[in-house]
Each structure stands twice: as structure tokens, then as C-alpha cells.
Amino acid sequence: MSEIEAIYAVWLREAKIYAREKERIISSIASPLLWLFGLGAGIGSTVDVIQGYPYQVFIYPGIIVMSVLFTSLFYGIYIIWDRKLDFLKEVLVAPVSRASVFAGKMLGGATDAMIQVVFLLIIGLFINVPLTPLIIIESFLTLLLIAIAMVSIGLVIGANLNNPEGFSLVINFVMWPMFFFSGALFPVNNLPRWLYAITYINPLTYGVDAVRGIILGIFKFSLLYDLSIMLLFAMITMAAGVWSFRRM
Amino acid sequence: MVIKTRALAKSYGKIIAVDGMNLDIEEGEIFGLLGPNGAGKTTLISMLCTILKPTSGRAWVNGFDIVKEPSKVRKSIGIVFQQPSVDDLLTGRENLSMHNLLFGVPRELRKQRIEEVLAIVNLEKRADDLVNTYSGGMRRRLELARGIMHHPKILFLDEPTLGLDPQTREHIWDYIKELAEKECMTVLLTTHYMEEAEQLCDRVAIIDYGKIVALDSPQTLKNRIVGDIVKLKQKNPDKEKIRKLDYVMNVQEKDGLLFISIKDASKHLQDLLAHTGQIDSVEVRSGTLSDVFMYYTGREIREGEAEGGFWERMMKK
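So the sequences go chain by chain: A and B. Counting in our numbering, the first sequence runs from 1 upward without gaps. Counting in our numbering, the second sequence runs from 1 upward without gaps.
Source of the hints: derived by calculation from the structure; they are not laboratory data. Values in this document were obtained by computation on a predicted structure and should not be read as measured data. Beta carbons: idealized from backbone N, C-alpha and C, even for Gly. No false leads were mixed into what you were given.
Distance condition first, Cα-Cα at most 25 Å in a straight line; then the derived BS3-like pairs of lysine-lysine: (1) B:K254 to B:K244; (2) A:K89 to B:K68; (3) B:K222 to B:K239; (4) B:K222 to B:K233; (5) B:K111 to A:K89; (6) B:K153 to B:K53; (7) A:K16 to B:K125; (8) B:K111 to B:K125; (9) B:K263 to B:K222; (10) B:K182 to B:K72; (11) B:K241 to B:K222; (12) B:K72 to A:K89; (13) A:K16 to A:K89; (14) B:K4 to A:K89; (15) A:K89 to B:K153; (16) B:K239 to B:K267; (17) B:K182 to B:K4; (18) B:K211 to B:K222; (19) B:K14 to B:K53; (20) A:K89 to B:K75; (21) B:K231 to B:K254; (22) B:K231 to B:K244; (23) B:K4 to B:K75; (24) B:K53 to B:K4; (25) B:K254 to B:K239; (26) B:K244 to B:K222; (27) B:K53 to A:K89; (28) B:K111 to A:K16; (29) B:K231 to B:K263; (30) A:K84 to B:K53.
Now the stretches of chain B that chain A is said to cover, found in silico as 3 or more residues with beta-carbon under 8 Å: (31) 40–54; (32) 102–110.
Sequences and hints are given; from them, build the entire structure.
Written out as C-alpha cells, the structure is:
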């Protein structure tokens, strides 16, 4: 009981701060829109149709996954600031398990990402993405799973580093390869063989495949397969997160 | 014993921060750790509140082993850190209610406890403002309120009045004294303000290079070691002759002045002056903990010099 209240306390703090920092909300929504309209409209004017969909609609699932990826991974940087300013100390000396502290932080980060998802799903309705209530619920849950895994990675990196500059450096090496070789922006079938191989070991590939499958009906694997891998991946990253918090 | 340490030590590579400390602190005591920067005070407190693992030795807080039963230790203690650790982006009340949840204060008591501690530190009117609008003294008071809200048996205060103006400092001393009495709480505080130690503490341990060099009540330490200080200016003083007088405890020469510690100046000053002969000037004052500190460490404690202030620390990192 008290552990659940501790998780709630940590989460509530994150949610309140997110709601109070307007810049954070604005920037997290503006950047996916730029990608969607900048890239979607730009490349969309030269590429006609991919697998039956206009380019902008084809990349829509990838862009949502991307926003989740970016927001979630970068969320880990706040833990470095929290530690620098000693705000975290209060939580670390509390008589609650580190797993609960991690869970609270992780859910806080996932909340940030999912608020963005809600906004992007609403945008999707206006650009002719075929969204039904069922599709919205299914993609929301899948994206939540992706967010949980990615926030955990961000927190693992944040908990193990102690300066924000280092964090940005490390996170870029995680984020961009994951993003580029996930099939978010282009179908991966036509890639050279060695790049194609990379997409297979990239867990995000399965996340993108699941979301695109749910929204556009284009699957490379199956939904069950995608979700199983993402679930396994989320469990591994969460375990790593709890371990990192214990050492903090 | 509410706090007990046996040969407790912490080292970082070759640097020994805490060097085999034995401490016994009794229930209801206000106990001060007095020492210069880097003496190991904060390291000691960090170990006792289980954020730092000792290299060797053992310690018990409220009867619980700090290594084996950290969560029981944590439930028994309240902590006010040296660096501010209240959340800037939350209101005072939100900070307190988060603490309530984290420290498992029973649901039915939460509201009442918040009002209680806000009243103690006089922050009722500002409770719903964001902490980043608070002054340094108000933040400190909020932290103090937070530290006592779950009614800990032991309160750790790491430099509780660091960087505060004298008036706020005295207020905070009053709060601490009142709390210790009312709640029968044991308080362990670190400070490098002599005045703080003298005003507040029942007993003081002087710490230097990770070791306890003296431990007693401030009054006893002063009486035993320094008594009263007579500052003499004299050409060619006869130090040996002065030293031989039976009420003289210590004679030191510094910057051409003679510092003579004597027992009870009101009784012996006349006699002392009779033995010194012609002098240029004389000044008498009662001894302070600074003198005690000086006696043991051969150094002056530099007051007002923080162990890295909040902003300083931020800039460095």
C-alpha cells in the first residue's frame, strides 16, 4: 500500500511539473508537427503513394512513434537535473523501495509522452488517417508500451550519468539509429542487406510495425509477434532501470 | 542510546573522510558536530541516514543497523540537508503532502500534520505559493517542517542555518529547541557556526580530519579547556613565569599578543597582572568554543565559509 502511494507521489510530482512547464508541452507537440508537415509535405510532393497511402499518411504512424521515442528518451535528462539540484535526495532517503521510485518516475515520463500521443491522434483525424475508436485505443496501448520501454532506457542512462551534456551525447547515439532503422520514415524492404539486418535487431522496428499495422493495416510481422517483442524489451529495460536506481 | 557508532569509517580511495568514530547519543539530546569544512561531518550524517555505505565499522540508529535495516532507519529519522532539497516547482503544501505519501503518514493524519507543521514554522500564509517565490529562510523553514512532519524519533540537520541572516538563524534555533522539547526528539546537527553550537547543543563533538578530538557540553569544554582569555600586549613577556601560575591553563603568543587562558578571570586577573609587570594593554573576555576549537586543532574555524554554497555547487558541476 505505502509503495503504491509512493509511486503515486513521485508520479504526481512529475505530472504537476509537466503541466506547469508550458515550454515543455509546446515543444513536444510542435516538433512532431514539423516532421509530419515538413517532411510529409516535402517528400510527399515527390513520392506519390507508398503501399496504397499518400506519403504523409504512410509516415504518420512512424511520426507518432518518433515523438514517443524522442520525448521518452530525453525525459531521462530530468533525473540528472533533479539530482544536481538535490530535489531527488528527499525521495531517495524516503523509506520506500527504489523500484517504486523508478516506477513513479517512469510513469511520469510515460505520461508526458502519452499526452503528446493524444494530441497527435487528434491531428491524425484531420489529415485523413483512417482512425476508428478501436484503432485509437489499440494504438494508444501499443504506444504506451513503447513509451514505457523508451522512458526506462532514458532513465537508465540518466541514472548512470551525472552531467546533462554527456546525456545528450549518449542519447543521440541511441535515438537516431533506433529511429532511422525502424522503418518509421520509409519501408525497410528495399534497404541493402546489412542495413536490413540492423532493422531486425532494433526493437523499435517492431513498435513501428505494430502501430503502422494497427492504423494502416500494413504488417511486416504479426501484431502478436510485434507486441511480444516490445513487451519483452520493456521488461528488460525496466529491470535495468530498477537496477540503476538501486545503485543511485 | 538512540544513535550508536562503533569504529565507523568511510574512505574514498586514500582519503579518509570519517576515521573510526565512536559516538553515543542519548534520547532527547541536541547533539552538535562541530568542525571545519571537509572534517567529515556530512559524510557521517549521510552514513547514519543510509544514503552512504560505510567502508567499515557499524552504527545503529534508533536501534536499527544502518547497513542491514536501512528502511527501518529511514522510517525513524527526519533529515534537513545542507543543500536545499525542497521542490521549487511545487508549492509549500504540495512539497509537504508529497512527503506525507513518501513517509507513509496515515491518511487520516495527513491534513492535520501539514497544518501543524506549517504553524510551527509560520508558513501558513505562503503555503500555497510556489517554493521558487520563497526566500532562503522560508525554504529552510519549509524543509524543517517537512523533516518533522512524520514525527521522526531523530532529526538530522546538516548545517541548518547555513547562509541565513542572523535574525532568521535565531528563529530557526528557537524552532529546533521547541521541537526537541515538545516532541522529545533527538537532534543531531552539524555546524561550523560556534554560536549555533553554543546556543543550541546539549553536547558537542569537535571533529577534525574525520576524528572526534573533544566531546562534552559546550560549557564544560569551555571551562575545562579555555576558561577566560586575557589578551595582553607587552614588550618581552616572560611566558615561562606566567605559565607557572596555577590558575593559568594555557599561554599562546600570536601576532605580538599574548593569549592567556585562565580559570575565573574575575578572581585571578589582579594577581596575574601583578606577576606580568608593566603592560601596554589588556583585554579580558570569556572563552568561546572557537578557543576550544583552536586549542585542539591549532586552527581557527572560518565562520561563514560554506562547504560549497548551493549556487557554487551548481556552477562547479
